[in-house]
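S.K.: Quick note, the sequence shown lines up with residues 1 to 317 if you use UniProt numbering.
Hints are computed from structural coordinates only; laboratory data are not their basis. Heads up, the beta-carbon is just placed ideally off N, CA and C, and yes, glycines get one too. Heads up, some of the hints might be wrong.
Below, a list of computed lysine to any residue pairs in the SDA-like style, where the Cα atoms sit at most 20 Å apart [stated by the list, open to error]: (1) Lys276 x Lys297; (2) Lys297 x Ile307; (3) Lys305 x Leu284; (4) Lys257 x Glu238.
Quick list of simulated restraints, FRET-style, between CB atoms [unchecked claim]: (5) Met317 x Val102: 55 to 65 Å; (6) Thr21 x Glu119: 43 to 53 Å; (7) Ile81 x Arg302: 44 to 54 Å; (8) Glu45 x Ser196: 48 to 58 Å; (9) Phe73 x Lys5: 34 to 44 Å; (10) Phe29 x Asp243: 56 to 66 Å; (11) Asn204 x Ile51: 53 to 63 Å; (12) Phe93 x Phe73: 18 to 28 Å; (13) Asp259 x Val102: 37 to 47 Å; (14) Glu133 x Ile97: 31 to 41 Å.
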Amino acid sequence: MSKIKRLERLLLSINTKKQFTLKELAVEFQVSTRTIQRDLLRLMEMGLPIISEFGPHGGYRIENDRILPPIGFTEMEASAILYGLHSYGSESFPFQIQSRSVSNKLLQYLPADAKDNWEHVQKRISVQFPLPERSLHAPVMLEAAIKQKIVTVLYHIQGSKTYCNIQPIGIYNEDGEWFCPAYCYSLTDFHVFNLSDIHQAVINYEPMDIKDFTDITIHNWAAKITPRSYVELVAEIEPKKTDYCISHPFLKQFIVKLDDGTIMLKGRVLLNHINKIADYLWYLKSDITIHSPNEIKVIHARWAKEISAKSELILNM
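Build out the structure end to end from the sequences listed, making use of the hints.
M.R.: Below is the structure:
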C-alpha cells in the first residue's frame, strides 16, 4: 500500500474512533508502530488536530470536530454549495462562522476560471425559501443566462402555444413559481416568463445576435433594461415602510431618496409586469402614495372594491 493511500485510509479510520493507540493502528494497517507514528505526525503537520494523552488509559484522539477525508467536487457542485451557504449568510444563522469557513476553503482551491463562473452564477439566480416544485426548464434557463445564450421555447401565452427565441437574464422564484425575465426576439421586447407556462426549452447554438447582459443581472434587471412597452412608476413611501422596500428584491432597484429625506420609487417598469408590481405595492396599503402609473391605481381600486364587497356580504349573513 502506498504512503498516500495509507494516509487517506488512516484519516478515515481515526475519524470513526473516539480514541486510539499506536498499537491498535499498527495492527489494523499491518505496519510498525514507528510507521504509524510518522503517519500521524504527517497528518498533524497537515493541520489535523490530533491530541496525545498520557497515563494508563492514554493514547490519541482528535480534538473537537473530526475532519472529513478529501472529497472531490465538480466546479458546478462547488458553486451549488457556495450558493447554498450564501443564502444563509446572515449573522443570525447559528452556523454562520462554519459557513463562512467552508466558503473560504472552497474559494481558495477553485481555479480562476471556476471563480469567474461562480461570479456569473451569483448574477443569474435569486431564490427565496420555501422553494417551488422542481422545474424541468430552470437548469436550461440558468445555463443560458450564465453563458449568455439564446433559448428556443414553446410557450403557452393567451390561450395558445407559440415558439419563440428568448435570451434569459436569470431566474428567480416567487409565490411557488419559477420566473425568468428575458428578452423575447418575437416580441422585440422584454418579458417575464413563468417557467410553468414553458413546455419545451433548448439552448439555440445557431449564429445569432446576442444582447450584452454583462451589467444586467437578476438583481437589477428591472431598473437596467430599456423596454419598448413600459409605464413610469412614481410613488412616495412613508418612512416606516422603507425597510420593506429596501429588502424587497424588486422594489429596492427603484428607491430614490430626495434631498428633503422623502423616499420615492421611480423608474420604468414593464407594462406586461404591471399586475405583479401592483401586488408588491399592495402590501404598503396607506403608507404609499402612487402618482403613476394609473394602471396600478385601477388595479388597487378593483381589489379594494372586491374586498369591501366580500366583507359586506359576510356582515349581512
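S.K.: None of the hints should be skipped; say for each whether it holds.
M.R.: Hints, one by one, checked against the model:
1. Lys276 x Lys297: Within the cut-off at roughly 13 Å; holds.
2. Lys297 x Ile307: At roughly 15 Å apart (the allowed maximum being 20 Å), Ile307 and Lys297 satisfy the hint.
3. Lys305 x Leu284: With a Cα-Cα distance of about 17 Å, the restraint between Lys305 and Leu284 holds, given a limit of 20 Å.
4. Lys257 x Glu238: Holds, at about 12 Å.
5. Met317 x Val102: 55 to 65 Å: Check passed, 57 Å falls within 55 to 65 Å.
6. Thr21 x Glu119: 43 to 53 Å: Between Thr21 and Glu119, where Cβ atoms are some 48 Å apart, the hint holds.
7. Ile81 x Arg302: 44 to 54 Å: 46 Å, holds
8. Glu45 x Ser196: 48 to 58 Å: 55 Å, holds
9. Phe73 x Lys5: 34 to 44 Å: Distance hint for Phe73, Lys5 is violated at roughly 21 Å.
10. Phe29 x Asp243: 56 to 66 Å: 60 Å, holds
11. Asn204 x Ile51: 53 to 63 Å: 59 Å, holds
12. Phe93 x Phe73: 18 to 28 Å: Given range 18 to 28 Å: holds, Cβ gap about 22 Å.
13. Asp259 x Val102: 37 to 47 Å: Because 44 Å falls inside the window, the suggested range holds.
14. Glu133 x Ile97: 31 to 41 Å: 33 Å, holds
Going through the hint list in order, the structure does not satisfy hint 9, though it satisfies all others.
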